[in-house]
Structures are given as C-alpha cells and as structure tokens.
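Asks: Residues per chain are reported as follows:
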Amino acid sequence: MDLDKFKVHGEPLIYGAMVSIALATIGILVGLTYFKKWGYLWREWLTTVDHKKIGVMYILAALLMLFRGGVDAMMMRLQTAAPEMKFLDAQHYNEVFTTHGLIMILFMAMPFIIGLMNVIIPLQIGARDVAFPRLNAVSFWLFFMGAMLLNISFVIGGSPDAGWSAYFPLASLEFSPTVGNNYYSLALQISGIGTLITGVNFIVTILKMRAPGMTLMKMPMFTWSVLITNVIIVFAFPVLTVALALMMFDRLFGSQFFTMANGGMDMLWANLFWVWGHPEVYIVILPAFGIYSEIIATFSKKNLYGYTSMVFSMVIISLLSFLVWAHHFYTMGQGVMVNSFFSITTMAIAVPTGVKIFNWLFTLRKGRITFTTPMLYTLAFIPIFTIGGVTGVMLAMASADYQYHNTMFLVAHFHYVLIPGAVFAVIAGFHYWFPKVFGFRLNERLGKHAFWWIIISFNVTFFPLFFLGLMGMTRRMYTYSEESGFGPLNMLSFAGAVGLAIGFVILVYNIYWSTRYMPRDTTSDPWDGRTLEWATPSPIPAYNFAIVPNVKTRDAFWAAKQDNVPLFEDKITKIHLPNNTGKPFILGVIFFFLGFFLVFSMWIPAIVAGVGVIIMLAAMSFDRDHGFYVPAEEVIATEKKLRGETV
Amino acid sequence: MKIDASKPLEYSTEENSNKIFGFWVFLGAEIPLFATLFTVYFVMVNRFANGPSGKELFEIGPVLIETFLLLTSSFTIGLAIHAMRHGYKKAMMFFMGITLLMGLGFIGIEIDEFFTYVHEGATLQTSGFLSSLFVLLGTHGAHVSFGFLWGAGIMIQLWRQGITPATANKAFIFSLFWHFLDVVWIFIFSFVYLKGLM
Ligand code: HEM
Ligand SMILES: [Cu+2]
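Chains as they are written, first to last, in my numbering: chain W, 1 to 647; chain P, 1 to 198.
Derived by calculation from the structure, the hints in this document are not laboratory data.
Values in this document were obtained by computation on a predicted structure and should not be read as measured data.
One should not assume that every hint holds.
Pulled a few chain P residues facing chain W out of the computed Cβ check, cut under 7 angstroms [what the hints assert, rightly or not]: (1) Leu-33; (2) Tyr-41; (3) Val-43; (4) Gly-121; (5) Gln-125; (6) Ser-127; (7) Ser-131; (8) Thr-164.
Far from chain P, some chain W residues (derived; all Cβ distances over 12 angstroms) [stated by the list, open to error]: (9) Asn-230; (10) Gly-264; (11) Ala-535.
Derived lysine-lysine pairs resembling DSSO-like cross-links, with alpha carbons at most 27 angstroms apart [claimed, not checked]: (12) W:Lys-583 with W:Lys-640; (13) W:Lys-208 with P:Lys-7; (14) W:Lys-301 with W:Lys-218; (15) W:Lys-552 with W:Lys-356; (16) W:Lys-574 with P:Lys-7; (17) W:Lys-218 with W:Lys-561.
Each residue gets a CB set at the ideal place from its N, CA and C atoms; glycine is no exception.
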C-alpha cells in the first residue's frame, strides 16, 4: 500500500492542526478514563434514543463545527486583509474556502436546526417522543460520522478544494487529483442519508403524533416551518444522493458523467447540485422563520399576526425553491428564455418572504415588547435579512448578474441572508429554549454583550464586501495587488471578523458562566411562553408529558394560563418508553470506516465494512426489544420532584 | 402495546401504522431518486462517444424474462400478504419464498446481461450513455438485491415468531417496497429498453 497518499505535504499550519487534534484526542481519552466517565458516556449519550439528548448532541456538534468553520473564515479574512499576503498559498486557500462553505452550511447550520427541532418539536406538539426513536439515533450518528470524515481530510490526504459547489470539470480526478473530493462525495453522502432519515421521521412525527385536538392549523409556527422543511428534505436530498454517487463513480471508477470527453457533461453536475442546493438554502432558512415567529409572539405578548398567510407563504416559498436553481449559473451559456424563466421565479420568492416580514412587523405593532437576548437577535434579523433579500433581487436579474457574478458582492449577499437567516436564528433559539432543556437561563447581560459584538461586527465584516464586489474583486481570490485598491476595505472586513470572533467567544463563555452561576429556575416557564413545550417541567423528564395535553386552541399553553382552559385532563398512567441501544452508534462507526476506505480506494476493507453495514441492519431488524414501562407512581414522584414540591 | 383488533394485523398498533406511513414517505423520497437517475439517463442517452448505442446492445429476450419474473413476483408477494391476512403462515412463507426466488432469478439475468455488455466492450467507462445506463439499472438491481436479503430476514423472523403484529408489519412494508421496484422496472422496460430498441 502506498502510504504517501495519506500524507498532507508540509505546511506549518497543517502540522500545527495535526498536533492540536492529536493532543485534544489524547486529552479527551485520558480525561474520560481518569474521571471514570466511559460508562456514563456510553449509557447516557452514545446509546441514547431520547430525542432531547440527541438534539443536545446535534447542537454540541454544530457548535464545534461553527468553531472549525469560523477558524477557516478567520484564516481567509486574514489572508486577504492586505495585498500580497503570504499567510496561505493558493491551494491552501482553495481548501479553506471549500471546507468553510461546506462545514458552515451542512455541518453547522443544518445540524444546529435539526438539533433544535429534535429537542423542541415533540414537546411543541405534545408528544412523548418522535415516531422512530432508534432511527433518530441512526440519523444523528450518520451525520456525526460524515462530519468527522470531512474533518479528518484536513490532516489525512487533503481537503476538498473545488469550492463547496464542487463544479466539474474542476472537481474531476484530472483537475483535483488529491483525495479531497473523494472525501467530499463520501462525507456528504453519509451525513445526507442521515438527514433524509430525519426528514422521514419528523414528517411522520408531526403528522401522526400531535396531541389530541391539535389540528394542522393549530400547530405552532416553528412546527409548521419544520414540517415544510422536512418535506423539502425528502424531495431534495435524493437528488444530492444521486449527484454524489455519480461524482464518486466518476472519481473512483472512471465513469463519464461529468467528464469533458467521452460523452460526459459538466453542466449536468451544476444542474444536479443546485436542484438540491437551492432548496438546501431554504432548509436552513425556513425553520429560522419559525423560530423568529415564536420569539416575536412570545416577547410581544401577542398572537402571531397573519398565521394563515405565514403558513401559505412558507408553502409557496418551498415550492418556488425547486424552480430557481439555474440562477446560480446565468453566465454559463444558457439561453435567454432559460435565464428569464429563472430570473422571474427567483424574484417571485421575494413576495411571500415580504409577506412574512410584514406579518412580523404587524405582530410587533402595539405589542408589549421585552428586549431579551433572543428578541434582540430577532429584531436585528429583520433589517439585516432585508438587505440580504434586496441584494438577492439584484442578483436575480440575469442581465445584471453578468456584472456581479462571482464577485464579493455575491459573497456579501449570501452572508447577509445566511447569517441573520440561519445563524442568528439558531443563536436566538438557543437562548430561548436553553432554560427548557437545562433548567436555568443564560445570563442576559453577557448575552447582550455578545449580541452587540456580533451584530455590529457582522456589518463591519460583510458590508464592505458589497463595495469590493462592485469594484470588481472576484470571489475565491487568494490575493490581490496593491494597485487594485481592494486593500483598505478588506482590512476593515478583517477587523469585523475579529469582532465577530470575540462575540462568539463571549457567547460560549456565557454558557460556561451560566452553568456555574445562574440560579436554577423552578417555574419551568421563564419567558411566560405560549406553546406546549413550556407546559412540561424543566429539565424535561424522559417521557416529556406526564399526561398528554388536550389542545383546544392555537397557543394552547397561553390559553391555559390566560383563560383557564384545562390542558391536562386525563389521569397519570404508566408510560411506555424505548430502551437505549448501541446499534445506531456502531452502525455510524462502520459507515465512517466504509467512507474512509472508499476515499482511499481500499477495496477489500471497504467490502468488509459494507458487509458490516448489512450485518448491523439485520441485527437491528432482528432486535426484539419492546422497551419498558415507567409505572404511574414513578411518574407522579418525578413530576413532584421536578416541579419543586417535596415528595 | 395496545392492539386494535378492528384493523388488519399490520396496522393494529400505533407504532405499526406509523411505520407504514413512514415507509410511504420514504417511497416518496425514492421517487425523486429514480426520477433523477432517469433524467440523467435521458440527458446522456445519445452521448455514445465511441461506444455502442442501446440499439446495438439491447436484446429483448432476457429483458422479457426479467420483466416476467419481476411482474409475477409482484403478484406472488400480493398472494403472500393475502395469506397473511388469513393467518396462513405456511402459505405466506411459500409465496414469499417464490417471490424471493424470482427476485434472485432477476438479479442473475441482470448480472449475466452486464457481463455480456462488458464482454462486447460496453463498460461503465466507455461513454456517458453507458455510465448512465449501468448506474440506472444498477441502482434498481441493487434495490432488488437488498430486497432479497431483507425479505429473507423477514422470512426467518416469520418462521421463528409466526405471524405477529410485528412480523406482519414488516412483511407488509416489504411488499410495498417490492411493488415499488416493479413500478420502477416498468419505466425502465418502457423507456430504456423498448425505446432503445426502436
Ligand atoms: C462567521 C463569520 C464568517 C466569515 C468571516 C466568513 C467569511 C467568508 C469568506 C471570506 C468567504 C469567501 C472567500 C472567497 O470567496 O474567497 C466565505 C465563503 C462562504 N461562506 Fe462564509 N463566513 C462566515 C460565516 C459563514 C456562515 C455562517 C455561512 C453559512 C451558514 C457561510 C457560508 C459560506 C459559503 C457557502 C461560502 C462559499 C464557499 C465557496 O466559495 O465555496 N459563511 N465566507
Ligand atoms: Cu439559489
């Protein structure tokens, strides 16, 4: 075997990363052994099928990936901070922007949202669990192992370097001869399968497991947004599955899908990628709309304005999201008719989005607004996202796009939509739901400090990029000359990026500080919430609800509090729960090895791992574990304890 | 587990009916998967490079046998489910066994067909057309092979545990999968082979 393939050639940065990864791994292993936490880790986390814990693991992983993607971003901004910088070379810069984009969208934003939805959705619909708890664990481990596979590419064999959209022929074996794009196809494939399973699971959960009385039009807005998102997942991800499989065939087995000779067609990749890729953007943004809707209603103490139009605009956005993909390559030689069609469908999306923005503003109007941290992020989202949307309409005009295409203007635009649209939303949701999961709030003062750092620095980082784009600075350019005049604005942008980093550090410090010092909250309803998740004790017991709620109106918990509509009318009885299982984790590990062996074309080990996958699937099918019952007395005792009554 | 006796066994618990609904949603995802593969095939169908075209390659004989096997097996899996509803375990096992054997026959012929193509110099690497043909047929074939293993696993469980709400549920879901493969095959038969031969 050729060991050279595994080596990444000499760069101090990469050696540094190797050493720090090795040290961190050793540190974790030693720590776990020293504190005797292996058993705890296995029993409570690695084998868990509890949707709340799975959600927490998703969020932890997403925060780690935010850090990784953020370090990539800082490196890029540093490299371009001044003309002729020598910090990264061209190849390394290519790898960094590729993994930055990939990680931020697929391994940070989307998992963060899936994490929140895992924690909250069953609670919001008054259910005891998701429809398929064990499959849920499978989803998580596939996502996690896919993410790990991509992350090791940095030190073993080399990262993908053809951009997160991996356009052919650039991403073909001929022009990207390292294993980087093998990692791309396999890491995304593995985590993508996990995402698809999540999609199926949550569609069934939301449609079939709602509490009695909760009709579709009484569902909380976050639940609605997640339902629509999962429908998009189920229709969009199979396209990615195929695209990645074809990429793998081209790169590993020499097929001719995207080649330039022998009947291949590079544009086929661009089409397949964006047929998935554009809906993917809405997969991360629609749940954000749902989160903001909950937060605005809660902190304005008003019903959400225009509930029905909110739902319909999301449905329309989701349909349109499948009809706009070619706006990503107006300049790649498609006809006028095609460009016009995609131009019009793209601009049409602004209409339902505008409806939503006005609905939020009308909800705020005459509301009793409290400026908590989650609310601040929500309020900041509205104008910033609007800038992103307006520049999006500018980009949507095919003829004008010939001017902006592949410039920093585009980079500014999509960060102006993605960061307020996805990142602020998950941060807001994180602050908002944190007390539900852990039983105490995050510190508001630190939260607001982080908020101001992040909001101001965000604009300092990205607003200059609009001008850089108009000045002609192209995207993915690793350096530029003094005469270009790009220097000062890039320096400003770098300063902003440093501020952003400080903001995120304060945010993480807040988690640490609050865990140690914040008073525990016994009311379980710290924000005076409206929806069912606030009706269970915090932290949430394994079975979620001692008694399944009876829903009569929208915002059922609010109605219960305001108008004394009874929510829990039945008696406490024994509750059925699933047992933990290690199989999903083991399946994930095998998939990781399968992916790794395929990346390096190690066929025999790959076949062994493939057989291992089949054996694990069979083992899961033959499993005759029927779960267990929590006796009624135990439920009553737990409830009393959690609600602060003495037993 | 609450069992609702008014419903067929495979639907009789909440978990069971959720699983069936979930499988329908999953089949909902299989539609865009195969639709994408068909689209890729239609884009590639005339890109022969220097390789052979479908007209030169396809032979109707084996394809008709494949079609016969798969369509009949879709019928026999229906008979198996019918037997299951009446609680006839032996008949059910018999029909499921026949179904799987026909599936195996299908896979055998397909593998033979692939070998013939490669023998005639038509490989995955030859042209865009052949890459898309092999991947489309191969994905369907992989589904049938997976179905064979899956169905065999369910037969073992049926044999050991009898017809219970759990095994009935699995067998029913398997039958949905099998019918779906049949539908996909009809599209392959019409739009790949028949159209290619024309
Ligand atoms: C936290 C601060 C961030 C900074 C400073 C930052 C910076 C950058 C820069 C400088 C580039 C492009 C460089 C180039 O084209 O040469 C870039 C590309 C990109 N960023 Fe970010 N980014 C940040 C956060 C995010 C987030 C949160 C997301 C998504 C949720 C994201 C998604 C992307 C994508 C998709 C690309 C395109 C990658 C490619 O060209 O293949 N970024 N970012
Ligand atoms: Cu798009």
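Asks: For which of the previously enumerated hints does the structure constitute a violation, in increasing order of number?
Replies: 2, 4, 8, 9, 10 and 12
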